[in-house]
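From just these sequences and the hints, can you work out the full model?
Protein chains in written order, with the UniProt record's numbering: chain A, 1 to 357; chain B, 1 to 354.
All clues given are correct.
Calculated pairs, DSSO-like style, for lysine-lysine (alpha carbon to alpha carbon, straight line, at most 27 angstroms):
hint, chain 1, residue 1, chain 2, residue 2
1, B, 263, A, 263
2, B, 174, B, 197
3, A, 133, B, 266
4, B, 266, A, 182
5, A, 68, A, 271
In case anyone wonders, no lab produced these hints; they're calculated from the structure. Here the structure is a predicted model, which is why all the values come from computation and not from measurement.
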Amino acid sequence: MANTQRNFMVPIEDLLIHDLYVLVALAEQQSDSERLKQGITQVLSIIDGQHQPWLNGMDLLEDAQQSKHLLSTGCERIDFLLQGGLREGHLTELVGPSSSGKTQVCLQVASNVAKEYSGSVVFFDTGNSFSPKRIEQIVGQLSDHSDIESNKLIEQVMNNIVCHPVFDIFTLLDVLHQLESKLRSQGGSKVRLLIVDSISSLITPILGGSGAQDTDLLVLCGESAGHALMISAGFLLKELARRHNLSAVVTNHMVSGEGGTLKPALGESWKSMPHVRLHLFRDSKSSICNMSILRHPYINLQLIIEDGWLTFEIERKYKILSSRGPPMDTKSKLEYRLKHWQPVASVGNNYLEQYAN
Amino acid sequence: SFMIVGVVDKGHKAVLKPEDKLKISENEALEILKAASHGCRLDSFEGSHAIVNGAQTAWEMLHDEAMLTRITTSCTDLDNILGGGISCKEVTEIGGVPGIGKTQFGYLFAILDFCINLELLLLLRGNRNYRIQLAVNVQIPADYGGLGGKAIYIDTEGSFMVERAMQIAEACIKDMLEYDGLLRKDSQTRHLKMQPKELLGNIFYFRICSYTEQIAMINFLEKFVSEHKDVKVVIIDSITLHFRQDFDDMALRTRVLSGMALKLMKLAKTFSLAVVLLNQVTTKYSEGSFHLSLALGDSWSHACTNRVILYWNGNERYAYIDKSPSLRSASAPYSVLYNFAVLCNHASRKLGEI
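Shown next, in the form of structure tokens:
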């Protein structure tokens with residue numbers, strides 16, 4: 001280390017290579033190393049600002065209990081299925097075939113959250129399907145005030161919902177970054193809910209393959225860039241949800257899988273990205289939509305209904321049997337479980353009382 | 001050469017000292033400044049109340065939507081289920097079997113967006129008493145109250161027939177003259193000197209023969225519409241023809257189609273156009289039976305905002321709203337007539353069908 005007459009200086013490489021605490025200790029020994037100490041403090045504060053400090057389980061539990069509330073969706077049965085509603089800090093995915101009700105659920109949840117909770121709702125719309133008229137209808141249905149009051153209420157609620165059209169993935173990432181820096185700097189404005197409808201139409205044009213025939217985006221970015229953009233969008237949404245205590249909702253469509261069945265778009269890597277995956281389907285030509293849980297951090301394993309426990313035990317039995325017989329593929333297991341989950345959404349009030357006792 | 005006085009970061013700490021001189025040209029310096037201000041715009045919006053730059057609240061959008069005109073289908077039943085007509089900020093897909101009248105809708109939107117609005121049509125199509133009542137109640141528009149717009153017709157099948165379009169244009173002008181006579185008896189009459197050729201002259205027609213041309217066309221549309229600001233409707237007939245065969249790489253087809261769908265959505269929103277896509281049907285086997293569904297299947301089904309399916313019910317033609325964010329599912333009957341493109345069912349029995 002070079003010593004000058006007036007200042008104790010350290011070359012930059014040493015600062016990066018050596019242990020900071022050793023350097024600090026060394027600096028302490030020198031009497032006139034104020035600038036070095038300042039520099040080290042500055043570097044440490046920049047690093048802490050970029051990355052989260054370590055958290056232990058108790059901190060996380062406290063955070064989950066105090067800051068991550070449940071947002072009611074405005075539909076009793078969906079709230080019952082989700083044990084309260086959408087959780088702040090979670091990324092929820094609604095997946096289903098065309099016109100199965102995904103946008104309607106998004107509009108419903110947006111209206112209810114804007115009405116019941118303080119804070120705004122941000123809606124990113126990729127298919128021009130955000131309908132202010134429909135929102136007005138829903139808010140009118142949700143409230144039961146007299147005409148004069150309800151007009152003011154509708155105006156207030158609708159001023160809390162903000163819609164931004166996005167037509168490519170780069171705009172989405174840009175606008176999410178903007179939102180993040182806005183939330184970080186201004187303490188005042190609070191966002192409760194973030195909806196992207198639909199994220200799959202932004203990602204399908206760039207996902208997969210490369211070649212001379214591809215669209216301009218893919219030619220510029222290369223083969224795996226589409227994949228990387230999808231994952232970064234997912235991570236950005238999850239980080240926004242966790243850090244700023246909001247709930248993120250995305251919609252996804254379905255593509256044909258093996259044997260004529262439908263499977264969610266965006267492939268295998270996206271499967272593990274959302275915390276909660278909800279599958280919507282509509283019986284052909286009827287107006288009743290069904291929703292079932294494909295994936296959830298804690299609901300499947302809990303004893304919420306006796307049927308759920310029964311499914312789990314039968315699965316274990318199948319596992320024992322399958323070591324002798326043919327292997328049980330995951331599809332039939334999932335179907336069996338889905339069949340059992342369907343009654344969840346249609347359970348009536350008297351069942352709830354039974355369970356409460 | 002420019003001298004940069006200093007560059008500061010967000011924390012107002014000098015990064016480059018004034019002593020550093022950059023030898024760059026004026027254009028380059030302007031570009032750098034533009035990029036830098038673009039990157040730093042996050043700071044400049046601290047005073048703005050919008051959560052996200054470029055967003056609108058739902059309340060503002062509700063009022064904007066009320067002022068948007070809709071393109072009528074000239075059939076009141078259909079207009080009722082469509083909430084007044086085809087919306088001017090959305091992509092609407094119309095699908096049906098061949099011969100049901102999809103192309104008629106195409107002609108109709110191309111011509112009607114220029115001259116007629118809904119009130120006028122209600123006036124002309126309704127019965128005598130309704131007409132008189134409306135004549136009294138309706139505000140006389142400053143001009144003919146139409147959108148005054150031009151249309152872009154993209155033809156992939158070659159099914160656009162100029163003679164039929166001429167027929168429709170003539171019928172349209174006849175109706176406008178009738179309106180002229182009916183309403184402006186008392187006030188100064190404005191003589192309509194419009195020729196059918198003028199109406200046809202407002203349609204930009206493009207013929208597409210392959211999928212590469214189609215992709216190129218859609219990419220070109222944005223530039224074209226920004227140069228011709230009076231275009232109000234884009235009709236594509238039919239959107240899926242060139243993608244149903246000759247595509248070996250299905251993954252590529254999905255990417256291209258979804259990219260196309262996004263571009264059309266953006267076009268509709270940015271320029272407040274109505275984009276109308278006409279689509280063919282195919283048979284699909286599911287749940288043990290064959291039924292008709294739109295071509296290109298599930299991957300294309302989410303590419304439109306609204307979807308209307310045309311089908312035969314016995315001897316009558318019906319339209320059904322299959323997908324819409326704000327309209328209820330409903331069906332309405334319509335007919336195709338020789339002197340006009342479509343008409344409501346109750347009147348068609350008198351005039352005879354095609």
